[in-house]
Amino acid sequence: MNVSLLDPVKDAEIRVSSDGSSVSLCGVTKAFGRQTVLHGIDLDIPAGQFVAIVGRSGCGKSTLLRLLAGLDQPTDGRIEIDGQATGWRDSVRLMFQEPRLLPWQRVVANVEVGLSYARAAADRRRLAIEALAQVGLDSRATEWPSVLSGGQKQRVALARALVSRPRILAFDEPLGALDALTRIEMQALIEQVWQDKGFTAIVVTHDVTEAVALADRILLLDTGRVAMDVTVDLPRPRRRGDPQAAAVEGRVLDRLLGR
Amino acid sequence: MQRALPWIVPVVVLLLWQAASQFGLLRDQVMPAPTAVAEAFWRVARSGELLRDIEISTWRAFTGFAVGGGIGFALGMLNGLSGLSEKLTDSTLQMVRNIPHLALIPLVILWFGIGEEAKLFLVALGVFFPIYVNTLHGVRSVDRQLLEMGRAYGMSERAVFRRVVFPGALPSIFVGLRYGLGIMWLTLIVAETISASSGIGFMAMNAREFMMVDVVVVSILIYAALGKLADSVARLLERTCLAWNPVYAEA
Numbered sequence: 399m400n401v402s403l404l405d406p407v408k409d410a411e412i413r414v415s416s417d418g419s420s421v422s423l424c425g426v427t428k429a430f431g432r433q434t435v436l437h438g439i440d441l442d443i444p445a446g447q448f449v450a451i452v453g454r455s456g457c458g459k460s461t462l463l464r465l466l467a468g469l470d471q472p473t474d475g476r477i478e479i480d481g482q483a484t485g486w487r488d489s490v491r492l493m494f495q496e497p498r499l500l501p502w503q504r505v506v507a508n509v510e511v512g513l514s515y516a517r518a519a520a521d522r523r524r525l526a527i528e529a530l531a532q533v534g535l536d537s538r539a540t541e542w543p544s545v546l547s548g549g550q551k552q553r554v555a556l557a558r559a560l561v562s563r564p565r566i567l568a569f570d571e572p573l574g575a576l577d578a579l580t581r582i583e584m585q586a587l588i589e590q591v592w593q594d595k596g597f598t599a600i601v602v603t604h605d606v607t608e609a610v611a612l613a614d615r616i617l618l619l620d621t622g623r624v625a626m627d628v629t630v631d632l633p634r635p636r637r638r639g640d641p642q643a644a645a646v647e648g649r650v651l652d653r654l655l656g657r
Numbered sequence: 002m003q004r005a006l007p008w009i010v011p012v013v014v015l016l017l018w019q020a021a022s023q024f025g026l027l028r029d030q031v032m033p034a035p036t037a038v039a040e041a042f043w044r045v046a047r048s049g050e051l052l053r054d055i056e057i058s059t060w061r062a063f064t065g066f067a068v069g070g071g072i073g074f075a076l077g078m079l080n081g082l083s084g085l086s087e088k089l090t091d092s093t094l095q096m097v098r099n100i101p102h103l104a105l106i107p108l109v110i111l112w113f114g115i116g117e118e119a120k121l122f123l124v125a126l127g128v129f130f131p132i133y134v135n136t137l138h139g140v141r142s143v144d145r146q147l148l149e150m151g152r153a154y155g156m157s158e159r160a161v162f163r164r165v166v167f168p169g170a171l172p173s174i175f176v177g178l179r180y181g182l183g184i185m186w187l188t189l190i191v192a193e194t195i196s197a198s199s200g201i202g203f204m205a206m207n208a209r210e211f212m213m214v215d216v217v218v219v220s221i222l223i224y225a226a227l228g229k230l231a232d233s234v235a236r237l238l239e240r241t242c243l244a245w246n247p248v249y250a251e252a
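One line per chain: the protein sequences are A and B, in this order. In terms of this note's numbering, the first sequence is residues 399 to 657. In terms of this note's numbering, the second sequence is residues 2 to 252.
Bear in mind the hints are in silico, worked out from the structure with no lab data behind them. Note that the coordinates shown come from a computational prediction; the quantities given were computed from them, not determined experimentally. Here a beta-carbon is modelled for each residue, glycine too, at the ideal position from N, C-alpha and C. Hints may contain errors.
[What the hints assert, rightly or not] Have a look at the derived ranges for each label pair, beta carbon to beta carbon:
hint: 1; chain 1: B; residue 1: Arg209; chain 2: A; residue 2: Ser544; range: 46 to 56 angstroms
hint: 2; chain 1: A; residue 1: Arg454; chain 2: B; residue 2: Cys242; range: 37 to 47 angstroms
hint: 3; chain 1: B; residue 1: Asn246; chain 2: A; residue 2: Leu579; range: 24 to 34 angstroms
hint: 4; chain 1: A; residue 1: Asp470; chain 2: B; residue 2: Ile110; range: 56 to 66 angstroms
[Said to hold, decoys possible] Here are some of the chain A residues that sit facing chain B, going by a computed Cβ distance under 10 angstroms:
hint: 5; residue: Leu469
hint: 6; residue: Gln503
hint: 7; residue: Trp542
hint: 8; residue: Ser562
[Stated by the list, open to error] Listed below are several chain A residues computed to face chain B (Cβ distance under 8 angstroms; list not exhaustive):
hint: 9; residue: Cys424
hint: 10; residue: Glu496
hint: 11; residue: Arg498
hint: 12; residue: Gly512
hint: 13; residue: Tyr515
hint: 14; residue: Ala518
hint: 15; residue: Ser544
hint: 16; residue: Leu546
Extracted from the complex, chain B is given alone in its bound form (with noise of 0.2 angstroms):
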């Protein structure tokens, strides 16, 4: 009984919903029911399409995340280990935070066109700033007590950092991975939803123009599935990694 209780309202709502539409309070253009719905989910799956849109979409938002969390760690551990790199770029990075990194879509259009670039370059970018300031704040909030423990009892530079500043910063590490793979997933579909030829984002504004709304309303469920499956990996990661941390022990 417990354990149903949070489903009650979704399931309620979804009911509601289809009770909706069947009795015409709902056109079918504005929503359409949720069989509809799963009938052009089966529909789309069928032919192919849905599974190379997914394929697309997801290659462009872990590569994008890849190249800019990539950038956004190393950065964030240089800055945190080196007062003289922090000095030399942070201002300069936090100034560039401030610019919202979705304002950059027309310069972005008229730098690379349409094509892969621009999407990966704006999912980068998104996705840099989370990592990098919670790299670099974790790193910084490394008990100070344990790095003298570590030279106190004879480790070297590399083992103090592995031992030591690597685990110490990894929770805040954590923290910025899942919020840039939230930036990941937002970035990618504002990107495919005003310029592309493939992808999800591309199957819903194609559908826009047949007026196919229940294809919209697949993709916009397909992008919410993709979020979450992404996020429950990082959750699962985080909890494997922080083990020893009794915050997230329990679970």
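Pulled out of the complex, with its shape left as it was, chain A reads as follows (with noise of 0.2 angstroms):
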């Protein structure tokens, strides 16, 4: 099923852009011992797209973002990423729902993780407070992690995911754990770094009204298969509250609950 809630002629607006990567999926099914929780998913993602995965708990969502970021393996099906089988590993990053930042390292010693330890030391430091400063905080480079609040952990796992220009960014659950203006906050922020860097932006949520906020297109993902593929084409920045937006999010949640 593929519905295009507006005039299809504005799908072209869309932005495709050549700093993020396309992502293929061919029959793509995972199974953890008996229990199968991806069915055969076939996707096309276009470079540079924001794409947001719904779906209820277990729907399987997070597997997929896993196998995308290179963490598990299908058990069939194969995952391309701009036509290529492997060697894409690098080019992902996945942020968590937790930051999982290392306690023991600073800020900006945190922010360096996402570059290869191949490059110069110098180099690192550069490009880590210059990640930092993308997201706001590279006047706490030097502060153990302990000492900032949710919301400032989470921009820092953001800095450390962008600071290797990845080509694909996945998203799990991110803002799951932060308070509703930090969550608002942290979407802006999100947005704009998607705008400004062009990567392709997968992201897992279980909140439709976030996917509806973010996304060029929301998957609906139930019992490990694509229910519903819509996409939303509202001009950014989104505002809270647009009637069009509200009519997004009521499909999506109607399907969603089954009604």
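Hints in hand, dock the two standalone chains.
And the structure:
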């Protein structure tokens, strides 16, 4: 099912950037023991698109993301990035629900984790500070992670993901643990860096409002299958409470709740 | 005033002790006066005997510690990282751990006589277990999520060890280190008291033969001071290495 909710002509406006990579899944299946979590997923994500994957707990959305990040291997099927089946692991970065910063490293050293250790130290430091500046935390570079707030830690994690200029950035419910206001700020920040850098963004979330606020396209996963594929063609930055956004949200929620 | 508070009790005890000796309530053969102990300290220190004994005791303590602690650390790391190695050795080590190492003294004297090896062996054995157990625990309790993050960010196995596993295990390793230091002095005291021809324990036993109670008390105080010194150094190291941890940061 492929539903374009608004004028299909406008679909052409969806950004296709050369800084991102295209992702293509062909019959991807993942089973853990006897339980099959993903059933032959076929999916094409053009370079630079912002995709949100929504679904109930246990629908397989996090598993899908872990396959893309190379943390797990598919039981069956093929994942290709820019048409390549292998060798793309370094172009994908994953941001977790928790910041997962190393508590024994200063903020700037945590960002350097995102860079290859083959680079020169001064080079690494400079790039890390630049990435911190992008998330507005360059002034906290020499502090320990333990003194930062939850939102600040997640921004450091974003800087760590950005510093190596990934072509695909995958987010696993990155804002799930944040309070409502911090979430909105983080959403704006993620949208802004995505527009700046032009990577392909894939966000897993259970929050449909968040998906509608951020994504070009929403995929609804249900029991390991793509149950709905919605194009969200609304101008950015999107305003909260916009009636068109509310209409999209209502559709997705109805399907999600089985109404 | 606040800073003087902890010192009030020791000072009062010292004064009472001095007074009790002065008025004949404490006989010199039981417990010499603090001033007599201080005199005895000065006497053995000036003769050079004290320094020599401290030197040999410290050497024994830290050599034994390095050997036992080194092996304990290596095995703890190995068993924490490798399931095969853990299955192979851990249950054996846990069984041996239940033998009090000081119970081996008669056997150790039979094996090594009363030479240096006997004391080093006992210290090494005593120190081994706390270091081993705490290192293993530290490696095992490293945050799985951080390990996964390291792999997702393309760290090599070596980088994961250096940047995630080792620093993550360090707080627990320090617990083992401080516990091991305590056992190190305890073992050495026992070993030197039973069989030695030099060292602080020997100095104490020798003084006992000549009823020099003041020198015996000096030896005991020297042991206490050395133990305290080692613990303070370990604490300082801990605070420096674990500055990232809010638990240690405030001091």
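Notebook entry, point to check: Is the hinted range of 46 to 56 angstroms satisfied by the C-beta distance from Arg209/B to Ser544/A?
Noted result: 53 angstroms, holds
| Residue hint Cys424/A, partner chain B, criterion CB-CB below 8 angstroms | Since chain B brings no Cβ nearer than about 23 angstroms to Cys424/A, farther than 8 angstroms, the hint is violated.
Interface hint check: Trp542/A, Cβ to nearest Cβ on chain B, cutoff 10 angstroms. Holds or violated?
Holds, about 5 angstroms.
Supplied contact hint for Tyr515/A, tested at 8 angstroms Cβ to chain B: Constraint on Tyr515/A satisfied, holds at 6 angstroms.
Quick check on the hint: Ser544/A CB to chain B CB, less than 8 angstroms? With Cβ-Cβ at 5 angstroms, under 8 angstroms, it holds.
Checklist entry - Do the numbers back the hint for Ser562/A, that is, is its least Cβ distance to chain B under 10 angstroms? => result 9 angstroms, holds
Go through the hint on Ala518/A and say holds or violated, using the shortest Cβ distance to chain B against 8 angstroms.
At 17 angstroms from the nearest chain B Cβ, Ala518/A fails the 8 angstroms test, so the hint is violated.
*asked:* The hint names Gly512/A as touching chain B; please verify it with the least Cβ-Cβ distance against 8 angstroms.
replied: 6 angstroms, holds
Original post:
Measuring from beta carbon to beta carbon, are Asn246/B and Leu579/A in 24 to 34 angstroms?
Top reply: 29 angstroms, holds
Review point. With 8 angstroms as the cut and Cβ atoms as the points, is Arg498/A at the interface with chain B?
Key: At 4 angstroms from the nearest chain B Cβ, Arg498/A passes the 8 angstroms test, so the hint holds.
### Query
Quick one: are Arg454/A and Cys242/B within 37 to 47 angstroms, going by C-beta?
45 angstroms, holds
Under the criterion of a CB-CB separation shorter than 8 angstroms, is Leu546/A in contact with chain B as hinted?
Status violated, d = 12 angstroms.
Consistency with the previously given hints fails for numbers 9, 14, 16, ordered from lowest to highest.
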